[in-house]
Each structure stands twice: as structure tokens, then as C-alpha cells.
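Could you build all of it, start to finish, from the sequences and the hints given here?
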Amino acid sequence: MDTGVLLTQVFNGLSLFSILLLMALGLAIIFGLMGVINLAHGEFMMIGAYTTYVIEIFFSKYVNGAFSMYIFVALISSFFLTAFIGFLTEKTLIQHLYKRPLDTLLATWGLSLILQQSFRNIFGANNVNVDMPKWLIGSFAISQDFNLPYNRIFILLLAILCVGGITLFLFKTRWGLRIRAVTQNRNMSSALGINTRKVDSVAFALGSGLAGIAGSALTMIGSVGPSTGQNYIVDSFMVVILGGIKSLLGTILSAFTIGEIQSVAEFFSSSSMAKVITLVGIIILLQIRPKGLFSMRVRA
Amino acid sequence: MGSKGLSRRDFLKRTIGTGVGAMGLSLLSGGNWTKEVWAKEDVIKVGVLHSFSGTMAISEVSVANAELMAIEELNRNGGVLGKKIVPVIEDGASDWPTFAEKAKKLLLKDKVATVFGCWTSASRKAVLPVFERYNGLLWYPVQYEGMECSRNVFYTGAAPNQQIMPAVSWLLKNVGKKFYLLGSDYVFPRTANLIIKAQLKHEGGIMVAEEYVPLGHMEFSTIINKIKAKKPDVIFNTINGDSNVAFFKQLKNAGITADDIPVMSVSIAEDELRGIGGELVEGHLCAWNYFQSLDNPINKKFVENFKKKYGEHRVTDDPIEAGYIQVYLWAKAVEKAKTTDVDAVREAARGVEMDAPEGHVKIDPENQHLWKTPRIGKIRTDGQFDIIWDAKKPVKPDPFPAIVSNKVCNWLRYPKTGIGKRK
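Quick note, the sequences are listed as chains R and X, same order.
For the first sequence, the working numbering assigns the number 1 to the initial residue and increments by one for each residue that follows.
For the second sequence, the working numbering assigns the number 1 to the initial residue and increments by one for each residue that follows.
Any given hint could be a false lead.
No more than 25 angstroms apart at the CA atoms, straight line, and that leaves these computed lysine-lysine pairs for DSS-like [as the list claims (entries may be wrong)]:
#1 Lys275/R with Lys230/X
#2 Lys134/R with Lys378/X
#3 Lys332/X with Lys84/X
#4 Lys307/X with Lys61/R
#5 Lys177/X with Lys378/X
If the Cβ cut is set under 8 angstroms, some of the chain R residues that face chain X in the computed set are [to be verified]:
#6 Gln9
#7 Asn12
#8 Asn129
#9 Pro133
#10 Pro149
#11 Asn151
#12 Gly225
#13 Thr228
#14 Glu266
Derived by calculation from the structure, the hints in this document are not laboratory data.
Each residue gets a CB set at the ideal place from its N, CA and C atoms; glycine is no exception.
Following this line, the structure appears as C-alpha cells:
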């Protein structure tokens, strides 16, 4: 086999890892840290994707000169808009359901249906097309058959940036400290004077915002349609569950494991078979480590 | 339930706009209201059964639009048999059991004269027993994998020998011998590839790989890498739905253009191209019987009316056109039979012809499929097609291609089951 093909495959694994990581990062906070089963996570990603679509259109119509830079504006607006919608969701819906996981499941599933149909009513039932900026089209050719697509390099860097940002936020800021305190022991934190309600809102908004960024970035790889979010939800949960609840490092490692298993298996068999092998792999891993790759021991 | 309520309201908007507002209202207030209003007038009720919500809404809403447009046009010209046609719209919701349930409702409760509907083969297979049991009539507007012969269905999309097989022959002659078969993992692509493989063997082509991806698959980097390693002359694409966007985006970014390896697709048309973006797919190929860019007066009128009705940004494509003409074909058969009785209409429909936007079409008297002209188009950056090949004249439909089956579908020779042995 050509070395080019082999090296490309190694890069594909890395790229899949970064995509999975980006998808799961928001969920790692909402589901992993806060324990909220948010079935509307995929639709939150689509809010980011549609925001990107609107901004792309805006740029191509009104500020065509700066079109190549629209993606940065889109990423930032996606983050804030989705975070805001997440914030509202938490305030109106999730807040009342913290101790009732099954109700949360149903409520967020309902929310995902409502969001899907809203996309359909606003943007139409068809997929919409988001043009990439020119500098992201094409690939960086190292040799004849080893080339790295620019958009995948971009997503890889974005994933690293997001993970770095989140780590700094959680471990170096006061809000991060509060979030960690509340996830470790809610009652104790509350007794110590932390406003847990507020912490919940911030954490949920942050997780939603990250979903928005993921959705925005994935417009470079996949489609943007009312029900596209459904394609992402299973993979996102898979990454977080395998990674272990309450562990960011676990999420990273789990995204890496799944990404590599999937792309290697797919190369030597087929996509459908790769999905099967990945799922079997996850089941075996969860048999050995029922709480995920990394699990934090907490007294709660 | 939330999604259903919304989609019905969505209907309401749409249908009022199309001048069949009464129908939309009846959806909200149940069937009784309609009965009272229409009881005074003598009308013909027909069913329109498509997915207006869920994943398939992306394709089916447009087809339903075209069917409603045809109904409206017929009504404007006096209806059929001097009666007004009233559509009863049902949402199959991209869910196959729902399709069966709604089909039953249309036939038993609404007692519709005929039904126009379905898109996926799975939904057609789900409603088939209902139509056969209660002797209903279904007009099905989408190209499909063949291997079916039902007394209760008229197939107005392409049979395999009118789309897939001519495309394979053309590729072998004009592009190359090495085929990479790539499809979604369900009944249509697998059956289509069965036919393609048999044809390649027969006509001297080589299959370098056969690969299926789950519906909704988004990650194509590995497959593209395999394509690079296998170096095929052409990729034959039977991927359905969203995954097409991901596939073409990633193919382009991996540096493979239509000049290197052209992709021949049979499940994406103008409507889907709107969501992919012409620049990504420029130069790739599609096989259909109808393209919006067809240059004839009937098509020009059709495209103009469709845009006038649903918006300048809308496009027409093969299934949309098939949805449109099947309403007319049914109306012609009814006029010929002088009744809407299902058995009489079916017999009258045999051999019915019309000049359609795609050219001359005729219902095959033997197998209830349509004579259609195979064509191949090359995608332009504006998402429209340059037609680079056509078969010149309509081809007789053959739902059971001889290279994979020894059966024939012929209701005239085998009136009991329709199916006999090929001689």
C-alpha cells in the first residue's frame, strides 16, 4: 500500500477525532458535568449552522469584500446566539426538571422536534447551501497522494482552541471553580454561599454555545438541513458516555478512541461495518469500565 | 405531537395560497366540515400522501406542490367529468407505518378516487398491501429499483432500464471501465447495484469496489481515501439524502474534481442541488428523464407556472415533473373511462399518452409503468444541467431487467398475477 494513502488515513483518524470532540464538548458540560440529558443537542448545533448560513448570505450580499473572513464572525455569533437560546431554555424548561431525568429526556426531545419544525418553517424543508471561504477550499498537498484538506486542518485547530479555552475557563476562573464545585457537591456548594441556580444557567449556556460553534464548523463538512442535527446526537452521546461522566479528559480520550477505531475499521471493511465494530468496541470497554474511561469519584 | 400541529399550520399557509384553502381548514376541524360544504357540490376527492415533516420532507414537499398545482390547473379548466377535484392532503411524516395508516384512512374514510404519493421505496412497500387489499389506485412519481408489478400502482418515475442501465452503458462507452459503486445502505441502492454489477459483467466493465454508508452518514474522508487508492474511472453514486452534501463537499476538498473522476448520481436532482451548491458539484453527472433546462415550450410553461406559484427561487426536477404529469394522466384516464371507478380507470389508463414537459410519454398497457426518454445531464455552477446525451425517443419500461431476472410484468397476458416467465 502507498505510504501516501496510509498517512492520509492517519490524518483522517485525527480529523474524525477533532470533529467528534467538537460535537461532544458542549454535551460533556451539559450531560457530563450537569447530568442533563439534552436530546436537543443536535438541534442546538443546527442553530449554529443556520446562524452561519444567515451570516454567509449577509456577507456575500452586503460586505463581499470581507467574505473570506465571514467564518470568524459566524463562529462567534453562533456561540453567543446558541448560548443565549440555551440560557433561555434552561430558565424556562430545564430548571424545573433537574431532579427528574426522565422528564428532562421527554422535554428536550419535544424541544428538538419544535426546533426542527421551526427550521423547516423559517428556512424551508430543503437543505441550504453554505459556501466556504475560498481559503478553506482545496488541500495542502505534501505529496501526490498525501494531502490535507484545509477545512479539516481548520476544524482540528478549532477543536484544540475550544478544548484549551474550556480548560482555562474551568480551571483558572472563578466561574469555572464554581461550576466544578457545584458538580462535585451541589448541597455543600450551596451551603458555602454559591448561587447554584446561577451556576447552572451559566454552565448550560456555555455547553449550548459550544454546540453552536460545532454546528457552525460542521457546515464545512456536512449538510445544513432541518433534521441534520439528528445525525450528530448519537455520536455525541457515545463520546461522552464512553469518556465517563464528569471528566473532560475522558471526553477527549474517548473521542480519540472512537475516531481512530472508526477510521481504521472503515478503511479495512465498510462504513456500516465500521459502525458495528465501533459500537461493539464501546460495549466491551464499558463492560470493563462501566463508568467510562475516566470517572471521577465523588461523594454526593 | 408538536411537530404535527405545526406542519398542519404550515399546510394551511401553503394550501390557502394555492387556492385549495378549504382543504387546509378541513385538516384543522376534522373531516365533517368538508363533508357539509362539499356535499352540496358534486366533487371528486383525491388523496395526496407525502411526508410534510421528518427527513423526507426535504424532497416530498416539492412533489406535493406540483401535484396540487396540476389539480388546480385542471379545476381551472373545468375539472374532470365536469366535477371539481378536491385534494385530501395527508402527512406520512417520513414514517412508513404512518404511510400505511394514512393510506387506509384515505381509501376507507375519505373514499378518494385515487392517491398520488410516496417517495421512498420503503413507504411504497408499506402502503402496497393497503392499496391491494382495498383496491385503491396509487400513482407513484419517483424512479425506483424495479422488481415490482402491482395491479394497484401506476409508476410514473423511471424503471431501471430507463435511468440506471442507460447511464451505465453510456459511461462504459464514454468515460471508462472501472466503476466504484457507492450507495446508502438500504433497498434501492443495493438492488440498483445488483443490476449494475450484472450489467458490468455483461458489457465488459470492472467493479473496483462496492461500498454502502448508513443513511445520514457524514464522514467520507476514509471512503475518499479508498477511492484514491483504487483509482476508478467513475463513481456511481446511489447515496440518498443529506449524505450527498457531505460526500461532495469532502470530495471537492480532497482535490478530486469531475475531470479526475466524474460522479454519476441517480438520486440527486435540481431540488437537492439547491442545498449542495453548484460549485461543489460542477461537471459531475446525473441521469434522469427530465431536467428543468429542457428546451421545449411545454416545459417552459411548466417551469414558469411553478415559479410563479411557489417563488422565483424554486426549481423543478424529475420527480416534481412526474408528480405533475401523473395527475394529468389520471385525469385523462378518468375522462376516457367516464367514471372514477378504480377498475374502469385502470383499464382505461392502459396506453394513455400525453405531451409532457419531458416530451412524449405513454402508460405501458402491459406493466403500468411509463414510456420515458433517458437522459444524462452535466451539472453547471448554477445548479442546472447541460443535457449531454439523450436516447432520442421514449423507451419501453422494463421493471424486471433481463440481466437479473427471468420474470416479466404483463397484466394483459397474465391477468391474475401480472407476473410471468420471460420467454
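Verification of the supplied hints:
no., hint, verdict
1, Lys275/R with Lys230/X, "holds, 22 angstroms"
2, Lys134/R with Lys378/X, "holds, 24 angstroms"
3, Lys332/X with Lys84/X, "holds, 14 angstroms"
4, Lys307/X with Lys61/R, "holds, 23 angstroms"
5, Lys177/X with Lys378/X, "holds, 19 angstroms"
6, Gln9, "holds, 6 angstroms"
7, Asn12, "holds, 4 angstroms"
8, Asn129, "holds, 4 angstroms"
9, Pro133, "violated, 13 angstroms"
10, Pro149, "holds, 4 angstroms"
11, Asn151, "holds, 6 angstroms"
12, Gly225, "holds, 6 angstroms"
13, Thr228, "holds, 6 angstroms"
14, Glu266, "holds, 4 angstroms"
Comparing the model with each numbered hint stated earlier shows that hint 9 is the single one that does not hold.
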